[in-house]
Amino acid sequence: MCLAIPGKIVEIDKKKQSATVDYGSGTKRKANVSLVDIKIGDYVLVHAGFAIQILDKKEAQETLALFREMLSLQEDV
Amino acid sequence: MFSLRDKHLADDIVSQIKKAEVKLKFMHVCGTHQDTLVKHGLDVLLQKCGIEIGQGPGCPVCVTTPKEIEEILVLAKEGKTIATFGDMIRVPGATSSLQQIKTEGCDVRTVYSIEDAVLLAEMHREKEVVFMAVGFETTAPTTASVLLRGPPLNFSVFCCHRLIPPALQAILDMGEIKIDGFIEPGHVSTIIGVRPYEFISNNYHIPQVITGFEPIDLLMGAWMLVRQIQQAKAEVENEYTRAVKTQGNKKAQQIMKQVFEPVDIKWRGFPTIPQSGLILRKKYDHYDARKKYEEELEELSEKEFAEPVGCLCGDVLRGLISSKECPLFGRQCTPDKPVGPCMVSSEGNCNIQYRYLKK
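In the order they appear, the protein sequences are chains Y and R.
Its first residue numbered 808, the first sequence is counted upward by one per residue in our numbering.
Its first residue numbered 825, the second sequence is counted upward by one per residue in our numbering.
Hint data in this document are derived by calculation from the structure and do not stem from the laboratory.
A few of these clues could be false.
Unchecked claim - In the DSS-like style, the derived pairs of lysine-lysine whose C-alpha atoms are separated by at most 25 Å in a straight line are:
id : chain 1 : residue 1 : chain 2 : residue 2
1  : R       : K1116     : R       : K1106
2  : R       : K1161     : R       : K1116
3  : R       : K843      : R       : K1002
4  : Y       : K837      : R       : K891
5  : Y       : K865      : Y       : K815
6  : R       : K1074     : Y       : K865
7  : Y       : K864      : R       : K831
8  : R       : K842      : Y       : K823
9  : Y       : K864      : Y       : K821
10 : Y       : K865      : R       : K891
11 : Y       : K864      : R       : K1075
12 : Y       : K823      : R       : K1107
13 : R       : K1090     : R       : K1075
14 : Y       : K865      : R       : K831
15 : R       : K901      : Y       : K815
16 : R       : K1090     : R       : K1002
As the list claims (entries may be wrong) - Stretches of chain R that chain Y covers, calculated by requiring three or more beta carbons in the stretch to come under 8 Å of a beta carbon on chain Y:
id : region
17 : 833-839
18 : 846-853
19 : 937-946
20 : 951-965
21 : 1080-1091
Every residue gets a Cβ at the ideal spot worked out from N, C-alpha and C, and that includes glycine.
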């Protein structure tokens, strides 16, 4: 139910509060973007046809490194 | 970029949890978490490390009450067009299900989004379209956003939205099971942020970690809970930082506040949980199916409906038993012929267990 899929905003139709989201592998779908302030190139989480949050690309890229660091810190305790 | 897979890191996390030599019970409240746990065998892996993780009332379709289902059935039989998410259609009520009455000629539509239901109302002005709105904080803003836009007046919402934090409190107040930590639902948290969980840690001294949905996320979530327990801490930590901001999605919160107000509501398997449901504010009465069709629903107003005979979904939702402990599981109750909602919904504990392990 709370399943949400990440995708990239490739086109915005401001009047209709709608955007085209590219989910990769050629899958593109329209999503309602009334709950987020987006720009082209943003990655969003889409749930039940609505973008519910913008994903933080930098955080995502650094997540695994951060986890490794947390683990190594704990190892030293 | 958003799919985190790293076997070595997973091994490291598991070996550190093992080293901690704990015996703990964690609860999560999300069908998607349960799916990841069972699909990747993480529940079994963590069990070997002394950690049991069970699913609480984290399936919106499952916690919808038999009475709400009977009410929507009445509206369907009165000739309204009912639109809702696929899983909801198959959940048996006390007398029938939306799927069943569809075969008897009622107009029941499966939709992927509330937008599809509005489109249906726009294209068929002669129909009274009722959208059965189920879902937690992740879904409620989508309903609110559509109502703010002013859909046609032949569209209305039968609101069954519910809120997660009051349900967590109810589980703790009932005191039926010991919980050492909560894995909090990542996508609910994208909307509400970190703060709404804080009272749980402050008042009940329970550690919590907002967690994402990749296998690494869940292992990390469990590890962070173990770390808090070892350090005698009880805080709300955010493991899912790539999607969850501390303040959540303020725009969505604002939209929800404009349209909904909280209300005491029953959950399947639970008594009434204070301020755990959402109803439409008075300003939106003309879109509120309960107000619009008050007369049709009147006959049910004093009635109570029991759970299906032998069904232990209530106990599953309160985390008291695992699916496999229900005598009906995999015998009288299967995804093809479900007795209770937890076997119907793809987010339901029984359905997930059956799908990955029983076949």
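* To do: Kindly indicate which numbered hints from before are broken by the structure, ordering the numbers from low to high.
  => 2, 4, 8, 10, 13, 15, 18, 21
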